[in-house]
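Participant: Same order as they appear, the protein sequences are chains Z and G.
Under the working numbering, read the first sequence as residues 1 to 115, first letter to last.
Under the working numbering, read the second sequence as residues 1 to 110, first letter to last.
It is worth saying that the hints were derived from the structure and are not from the lab.
Careful, some of the hints might be misleading.
To spell it out: a stretch of chain G is covered by chain Z in this simulated footprint if at least three of its residues, at any positions, have a beta carbon under 8 angstroms from a beta carbon of chain Z; those stretches are [what the hints assert, rightly or not]:
(1) 44 to 55
(2) 92 to 103
Dumping the calculated DSS-like pairs for lysine-lysine here, alpha-carbon to alpha-carbon at most 30 angstroms [as the list claims (entries may be wrong)]:
(3) K58/G to K57/Z
(4) K37/G to K57/Z
(5) K13/Z to K42/G
(6) K71/G to K57/G
Quick partial rundown of chain G residues pointing at chain Z, CB under 10 angstroms, derived from the structure [as the list claims (entries may be wrong)]:
(7) Q6
(8) T10
(9) Y32
(10) P34
(11) Y36
(12) G41
(13) F89
Ideal placement from N, C-alpha and C gives every residue a C-beta, glycine not left out.
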Amino acid sequence: KAGVTQTPRYLIKTRGQQVTLSCSPISGHRSVSWYQQTPGQGLQFLFEYFSETQRNKGNFPGRFSGRQFSNSRSEMNVSTLELGDSALYLCASSRGQTGSYNEQFFGPGTRLTVL
Amino acid sequence: GENVEQHPSTLSVQEGDSAVIKCTYSDSASNYFPWYKQELGKGPQLIIDIRSNVGEKKDQRIAVTLNKTAKHFSLHITETQPEDSAVYFCAASPGTPLVFGKGTRLSVIA
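Please construct the entire structure, taking both the sequences and the accompanying hints into account.
Facilitator: Structure (C-alpha cells):
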C-alpha cells in the first residue's frame, strides 16, 4: 500500500512570498497532521485535520494555515514568508485522530528554503 | 502542556554493542509512547511503540521500557549494525497530538 506522499519535495522562495504544500495520506487514513522540523527546535506540531475539520493547532502564527479535502488530502499554506520559515515540513497520516493509540505515518517532507 | 526531554543528543557505539536512549515526560496523562527513526533525506519512520498499560515491549533487536511512576521511557537497541545509524525521536501523547523529544543522532561505527 502506498505511503504518505508530499509535493513538492523541494521549494525555494523569497521573503514575503506565500507557499502551498500538499500531502496525500495513506488510503483509508482520515487524519493528517503537519509538523515543522528544524535543527534547533526538532519536530513542532502545526495542526491536525480530521474529516475536513481542524482538530488541534500548535503554537504558530496565523500565517500558517491548512485545510483538508473530502478525500483526506491536505494542504498547508504559509503567507508572507520569513527567513525563519526555512525548514522541513512533514505531513503524517493516521487512521483516526492522533492520540488514542493511533499510529502516525510520516511522508518524506517538503524542504522549504526562504531567501 | 506535555514536555519531552531526550538524552543523549548524540551517541556513538561500536558495531555489535548496545545503544540506549532515554526520554522523560511531564504529563501523567500521556498514555502512548512511540519511537521514530529518521534517516537522511527521509521522514521519520515508526519503529516501535508502547502503551501506558505495558511496562516493556520487544521487537527483535529493539525494545522499549516504560516507567510510569518516574515518567520515563527508554529505547534499547542490541547488536547494533551500521544501518542503525540515524536520528531517533521519542514522543509522548496525552490524548492530543504527539509531543516529540529533540532527537538522538546514533552513529554505529563498523
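Participant: State for each hint whether it applies.
Facilitator: Taking the hints in turn, this is what the structure says about them:
no. : hint           : verdict
1   : 44 to 55       : holds (count 5)
2   : 92 to 103      : holds (count 11)
3   : K58/G to K57/Z : violated, 33 angstroms
4   : K37/G to K57/Z : holds, 25 angstroms
5   : K13/Z to K42/G : holds, 22 angstroms
6   : K71/G to K57/G : holds, 16 angstroms
7   : Q6             : holds, 9 angstroms
8   : T10            : violated, 13 angstroms
9   : Y32            : holds, 5 angstroms
10  : P34            : holds, 7 angstroms
11  : Y36            : holds, 7 angstroms
12  : G41            : holds, 7 angstroms
13  : F89            : holds, 7 angstroms
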